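S.K.: Produce the entire structure from the sequences given, and follow the hints as far as they go.
So the sequences go chain by chain: A and B. Under my numbering, residues 1 to 458 are what the first sequence spells out, in order. Under my numbering, residues 1 to 383 are what the second sequence spells out, in order.
There may be inaccurate statements among the hints.
Said to hold, decoys possible - Derived list of chain A stretches under chain B, where covered just means 3 residues or more per stretch with a C-beta under 8 Å from a C-beta of chain B:
#, region
1, 198–211
2, 305–312
3, 360–367
To be verified - Taking CB as the label site, the calculated pair distances span:
#, chain 1, residue 1, chain 2, residue 2, range
4, A, T50, B, E366, 48 to 58 Å
5, A, L234, B, I369, 52 to 62 Å
6, A, D152, B, P142, 37 to 47 Å
7, B, K230, A, M99, 46 to 56 Å
Honestly, the hints are just simulated from the structure, not real lab data. The structure presented is a predicted model; accordingly, all values stated were derived computationally and were not measured. Every residue gets a Cβ at the ideal spot worked out from N, C-alpha and C, and that includes glycine.
Given next are the chains, with one letter for each unit.
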Amino acid sequence: MSTAVAERPAGTSTPRGESAFRRIVSGNGMVTLLAVLLSLIISAVLIVLTDEDVQESAGYLLARPADALGAAWEAVSGAYAALFRGSILNYRADTAADMVRPLTETLTVATPLIIVSLGVAIAFRAGLFNIGAQGQFIFGAMFATWFGVHLDLPLGVHLLLVMTMAVLGGVLWGGVVGMLKAWTGAHEVILTIMLNYVAVNLLAYLLNTPVLRRAGTTNPVSEFLPATAMFPKLLGDGFRLHAGFLVALLATAFAWWLMSRSTLGFRLRAVGANPDAARTAGMSVKGTYVAAMALSGGLAGLAGMAHVSGTEGSLNTSVAGSFGFDAITVALLGRSHPVGVLFAGLLFGALRAGGVTMQTETGVPIDIVLVVQSMIVLFIAAPPLVRAIFRLPAPGGARARGTADPVTQPAVAGAAVTGAAGQAVAPSAQTQDAAVSATAAAAGEQDGDPHREKGQAL
Amino acid sequence: MGIVSPSSERRRSLLLPAALLGASGLLLAGCGAPPAESGSSASGGSAAVTADAAAGSDNEDYKACIVSDQGGFDDRSFNQSSYEGLKAAEEAYGIETNEAESQDPGDFTPNVNSMVQADCDSVIGVGFLLGDAIRPIAEANPETHFLGVDVTDDGFSDNVKKLTYDTAQAAFLAGYAAAATTETGTVATYGGMEIPTVTIFMDGFAAGVEHYNETKGEDVKLLGWDREAKTGSFTGDFENQANGKTNTANFINEGADIVMPVAGPVGLGTIDAAKEANAAGKDVKVIWVDSDGYESTEAGDIMLTSVVKNMGQSVTDVLGQDVQGEFDSTPYVGTLENKGVKLAPFHDFEDEVSQETKDELKTLQEQIISGELTVDSEYSPTS
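M.R.: Written out as structure tokens, the structure reads:
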């Protein structure tokens, strides 16, 4: 496809035949792809600049330029090859099991990330910026650990109970935010940030008391969960991949059904697009806020459980790592669409899993992975930048108007905002405008739902 | 990646300045002479660590690997010390090394696993949390040796050696010295996170103050740790220096003139607060931990002494033994006796600490080493 596309003069006239091409290159999917590509290129530059061999040979660049170029190529290709070997397929391995092990690692790491990101994405689409996935994840993990360690139940029942309680824990912590927002008008960003602190410190406190601390130690770690409360391994004990991944797939399907097929999902999207219009249409905006945050928290809690009951086996003070915050990135990258989130989560899982191999085999610091991730967010948040770099045409206003859903995109449908609406996909705008005036809020939410075009296409 | 190739002229106009900028940088840097075609340079270690001469200096077939916890190798604390110990071993014994930093606990298992797969002869895991990650991997890989720095749990297989430190012993001396030196009759300590490797310092310090009060009939007050209740003052992390500063300022307001932060970089906040108080006419001193703060910080002029935890040395020592094929799984416990922990010199305060106190400290140290006196801390590692 790329060659066929490449021959086209971009951004010129748009006769009828051009429209398909135009849709492809101006769509969000293309921007997403290019954002990933751009961040990999920028990271390659960083790898080159920080590589010791390159630095050394750059010192005599003029005398022997091939050295520096060779070193630069080696640094980048070596690092990215290791990233690939660590995340997809280890082509150097001796046995078939070792060859596919990296892929299973990617799926393992991606499991909690996908689930927690689905939660963040649902909140996004309801117009809520859930920064609190971290805290909700911790609550899920705490609930899962407590019910896992302190109860003695038969196989299956125990796991189901642990799963349910973890979801409840997340629902609790997320629902509180929804209720406070609905009934007091407090902003969910502030609430969730603050509740993250509460969750982190509560976890640290409980891990220093017999409630969660392992018997016979003064270290803040919990007892290991019994086998009955653990997800079964999918590929035997040699691999870390567990049934939690299937749960992640189910959660994705559930989120898709919820957002695209259910009444509640419709309400969530309607409120996300324009709360005032939704209220006028007879929907309970407050109730929808609570439902969105509860759903979001529930999924985050389930992710916490998947991490503890699937991968870690026990709880410690930093069990949540950066899952809750990575989730925001993944949700953005996935355009808040469940399937998009699934693939974005897999990509991030691959980056994390591959980063380990890259670090140990080539000495490239694992921080490069963070740079890749951060750059992706940057470019996703600024599609005009990506379009400018690759000379992509802006999405056409006519098409956006033609296909806009009058409920979720009244502004677009009503031609109030035309081509500009498609361009200004700046999710962070949501955090800034605190839903002060109705119009500003509506426009902000509009931008915060970068997925809408694709959603219509599907 | 020609997905779209726009008019090449416009692109060139964009790229040209950037290319010029890059090229000029390379030109400036690129005037050096190339090295001879052969030869490689080894990177050196930095810690002042002594090596085991018997291990020799040519062990290229031995590979030692290290996995940090989320602090990273530049944490000015135990990750860094252990890493420096490994680097010193690399230089002294000529071994190969490899390293992996962890960003969060989820990285521990993959990192340790990837080290095993990278054919490391020994894998050093730093931090108590690495214990849980090492346990199953060690069982599955009996040929690989594992070192667990600060790992206190039990139930490891025979190829795991725990490296722990009874810092309470040295902190006891520090507490005694502080109690003997204070002019206000109040000293203080606080921790970063509430974990045993932190509280053991505070507990030992408190025991030292208590011992001074008992033997001298004095009533020096300790802020920040209650031995009976096992509660104290913690900032909650090892990052936020502002919290350390606030904590210390509060202690100073309550009359403390010697403060021991057990919080890694957060302790730098204590130095700030102490300097500010001193500028306002007070005379506040600091007791550093882990390394000798007189050398590792830039506040030697207010550093009474330090409770030194010699992690680098012990890592180098154990690796030296392993290189010689003398690995055993008996836990290493750093004590005053084997100098795994010690009280640093008083440096600038050499004259302010009375000879009597110094003699008493010496006697106490001998008593602790001989077992006549035990620093009774529940956080002490068991061998």
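S.K.: All hints, please: hold or fail.
M.R.: Verification of the supplied hints:
{"no.": "1", "hint": "198–211", "verdict": "holds (count 3)"}
{"no.": "2", "hint": "305–312", "verdict": "holds (count 3)"}
{"no.": "3", "hint": "360–367", "verdict": "holds (count 5)"}
{"no.": "4", "hint": "A:T50 with B:E366: 48 to 58 Å", "verdict": "holds, 51 Å"}
{"no.": "5", "hint": "A:L234 with B:I369: 52 to 62 Å", "verdict": "holds, 55 Å"}
{"no.": "6", "hint": "A:D152 with B:P142: 37 to 47 Å", "verdict": "violated, 33 Å"}
{"no.": "7", "hint": "B:K230 with A:M99: 46 to 56 Å", "verdict": "holds, 51 Å"}
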